[in-house]
Amino acid sequence: MALLELRDLTVTYRTEGGPVPAVRGVNLTVDTGQTLGLAGESGCGKSTIAASILRLLPTSAKVTGEILIDGDDVLKMSWGKLRAVRWAGASIIFQGAMHSLNPVQKISKQIAEPILLHSPDTTPTQASKRVAELLGQVGLPVSRADSYPHELSGGQKQRVMIAMALACRPNLIIADEPTTALDVMIQAQVLDLISALVRDHGIGLIMISHDLSVLADTCDRLAVMYAGKIVEEGPAHQVFTDARHPYAEALAWAFPVIGDPRTRLSPRGLPGDPPDPADVPSGCSFHNRCAVAEDQCSTRDMELWPAGERRLAACVRVLEAAEGESGRPFVANEEKATGEGVLG
Amino acid sequence: MTTATSVIGGRQIAWDRRRRALAAFWRRYRKDRSGMIGLVILVVMILVALAAPLLASSRGLNPGLATYPANAGPALRYPLGTDSDGRSVLTELIWGSRISLLIGFAATFLSMVIGAIIGIVAGHFGTLRNWFGPQTDNVLMRITDWFLVIPFLPLAIVLARTLGPSLHVIIFVIGITSWPGTARIIRAQALAVETRPYLERSRALGAGHWHQMSKHVLPNVMPLLLANTILTVAGTILSETTLSFLGLGDPTRASWGEMLNAAFNSGVGTGNALWLVAPGVAIILVVMAFTLVGHTLEAALNPKLRER
Amino acid sequence: MSSAMLDGALAAAQELREEEAGAANGGTGLGLVRLLSVKVVSALITLFFVIVFNFFLFRVLPADPARNLVRGSTLTASQMAVINRTFGVGLPLPRQFWNYLAQTFQGHLGISFQFHIPVASVIGAALWPTILLVGSSTVLSTIIGVWIGIRAGWDRGSTFDRTSTAICNTLYAMPDFWLGMVLLIVFASKWAIFPAGGMHSFGGGSTGFASVSDLLWHLTLPAVVLTLVYLAEYSLVMRSSLIDELGSDYLLTARAKGLRDAMVRRRHAVPNALLPSITLIMLNLGFVISGAITTETVFSWPGLGLASYNALNYPDYPVLEGAFLLFSAAVIAANLVADLLLTVFDPRVRQA
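Residue numbers (my numbering), protein chains in the order written: chain A, 116 to 459; chain B, 21 to 328; chain C, 1100 to 1451.
Quick caveat, the hints were computed from the structure, so don't treat them as lab data. Since the model is a prediction, treat every value here as computed from it, not as a measurement. Take the hints with a grain of salt, since some may be wrong.
Only pairs whose alpha carbons sit at most 25 Å apart, straight line, appear in this in silico DMTMM-like list of lysine to aspartate or glutamate [as the list claims (entries may be wrong)]: (1) K224(A) <-> D1348(C); (2) K191(A) <-> E120(A); (3) K1138(C) <-> D1438(C); (4) K221(A) <-> E248(A); (5) K224(A) <-> D1360(C); (6) K235(B) <-> E220(B); (7) K51(B) <-> D1260(C); (8) K177(A) <-> D1348(C); (9) K191(A) <-> D1360(C); (10) K177(A) <-> D1360(C); (11) K221(A) <-> D236(A).
Excised from the complex, chain A in its bound form:
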């Protein structure tokens, strides 16, 4: 049984201008000890997915589908069971730890809070010991335990968030843009820390970011989202270096590889903007920005088709390649073989 399973998850926001679908039928699986990266630009729905897992969306959001944590559907849980699952079953590291910590409470109290909540028999001494242990795991000196959030730097605050997320020994951690607000050096440290902790404790991790290169390094599997849907999924390194879906490819190529001549020679970036969730193009939602779009792309509904071993992509060209080339070993795109850029 998978640790986390999202089945046909759909989230629609009720707004003044009508219902806005932020997530449109997403299926994802995370097993224990596995890391899944969820990539995409702003507005594609990834943060909505993160919040929906523990039912933290505002009341204006309508959620359908199933969210199974260890087989139990979160959406059907009673409030009591939900509160018990929150933090103890799965915890979240929010983006922008700047404001995710209570400004007028010491961090030791904030880290201890979920511990005391979920294990009410814990004595204050035990709680302090655990807080010190957690701070040690994230590389913060115990002397900082009595600090207030504003006394810490951005990197330190993020470490506190990580320590807090580990407090109740959850099986699953959802990290929503954990390093976006940090600068590069600190970013590397925090990512290493997360990877190490996940490895040591055998935790399942979903990491959400718009930075594909970061995810490719840190995660086992990678899923790319566009306009509320998953457009490609597979082993992280493969998706990054050899994407099947044009959007995933464009996203990957947006992060230059130093020393790779192809990067220097081929143009990067996509024309246009990600679509407004309230007004998504028909058929394949990417077709209006795609360089290799065909006629059927604007009319045919896309699904995730197999694009290799344990790989999926929602592009007709993948489907055609899989259908047409039976027997032939799976080869990378023709265009790449000839040396021209995919976007050329």
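For this one, chain A is given, so just place chains B and C on it according to the hints.
Just chains B and C now, kept in the frame of chain A:
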């Protein structure tokens, strides 16, 4: 020879933009029901005040000419009863609206002018990089803070008593005690405006302080100033009421506060209760109307402020 | 170097500085004491300026200060001479000011015109009733007002919120003395449940329980008026502070931890919302004073407010002067207390 035919002047563009912004603002304002109710009440009150001579003869205010029985309950000719001099309460109420609103507006105007000047000057000079600028800001803010700390009523009492009872004194006293709140808010907004690029550009082009403050800072704090002014009127009307009630007002010009003063002095609980209740209700309505309109103004202007 | 890279470099430098600063500092005790003393000194300076202002208003402004001082009294020529000497009329201004300062600091606030006793005595006698009235009303209105504000802000848009906000807005728009007079008519005139004024009944129980209950009986109506008036402001301020906090990220974190709604509110939202509330209430403390003055007048409550009203109408300038000084000092002191509270309870302020 060329003729400047279809060149649209810059001024025209600016006015078009302003008109469109105004239309958009009005649309936002209209959405708020409480704001519309407040606006209606205000308009009615102001119309009543302006149309007072048409609604009730001013002779009804003269106690010597009063023919109605004193302290009477409501009757056809005096729907709200009469006061201890036999004057119709309704007549007094209608004419009183003039005084109350006049004092409210005049005192607010005074307070707004002082507050805006101090706020803009402090905010503008506060961002300068020499020594003199921030010091000016500092001094002005200390004075403002001092005024803020001093309790209003004792100060007003002391000033009014020393200067004597008259309409002008009341306006003056309320005006010079109400400006600190406005000054602080305007200063905060001026500081925000000062950081905008076009201020820096105008400085680079050699614009003097006066030009910068009047042509750039002032128009941009205007909307906030307007909203704040409306809210201040609510406060000044209450202040005038209190001062009149305590006996510091001009007894010959019967504002609503004066009516309450007279009612109090002739003995609470004796006579016509409406003499007491009516002015109070009128004050509540007017103050609430100004408050609702002021808050709705702020909210409707907010998108602009947020764009900061 | 692009501006984005520059920002990045600056941010990195900032991070480093913060790391160092964070390591070195932790809200030291010495820093706190220094901060507090600065605030106390600042309050004293403000008070000094009030005294100067008083002097300016009463001794410098009027054309003939002595005449002003004795207006309405009948005094013999020798008594006038004494007054003139005491108040230093005819002496150069700086000398007058020095005398005035010395007298004020010794508590010689002048002689009341109306009662011919020292102003200090008049004020002293009136102090306790005002403290009783204002004190009890403030305590009640704070407790009730904060509770209403929290409930209204948290369940924003609910029936409770809309009703309580409408009521509070109406109370806030109401002249407090008018409310007092209306209550007098209803509860003391029409239905004689409460006394029509004063603090004690004639000949009514002068000792023990009877005396206390008589006092409370007289205290009820004016206290109700003041409580309602203060409560309106406190609840509106608390409500708006809480609403400001509602969108904060740390509340989402608290919910994600599995806390119940009420816990999130009590442990996280309210402590943060209380801090700006203290500041906002601080700015309006003069409101408390004016409420006291008008309410005491309506109910003939023999406190400082009624004394001011009587002094105002006589006119008894020395008492007015003394009352103004005392009221200002009270508000300055209250502001200082609120400021100190903020310094103690908001860790971010301490750092500054």
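A quick look at each hint next to the structure:
1. K224(A) <-> D1348(C): Holds: K224(A) and D1348(C) sit about 17 Å apart, inside 25 Å.
2. K191(A) <-> E120(A): holds, 14 Å
3. K1138(C) <-> D1438(C): It holds: about 8 Å lies between the C-alpha atoms, which stays within 25 Å.
4. K221(A) <-> E248(A): holds, 17 Å
5. K224(A) <-> D1360(C): Roughly 19 Å between the alpha carbons, so the hint for K224(A) and D1360(C) holds.
6. K235(B) <-> E220(B): holds, 13 Å
7. K51(B) <-> D1260(C): Holds, because 20 Å separates the two Cα atoms, which is no more than 25 Å.
8. K177(A) <-> D1348(C): holds, 21 Å
9. K191(A) <-> D1360(C): With Cα atoms ~19 Å apart, K191(A) and D1360(C) stay inside 25 Å; holds.
10. K177(A) <-> D1360(C): Holds, at about 20 Å.
11. K221(A) <-> D236(A): Roughly 22 Å between the alpha carbons, so the hint for K221(A) and D236(A) holds.
Taken one by one, the earlier hints all hold for this structure without exception.
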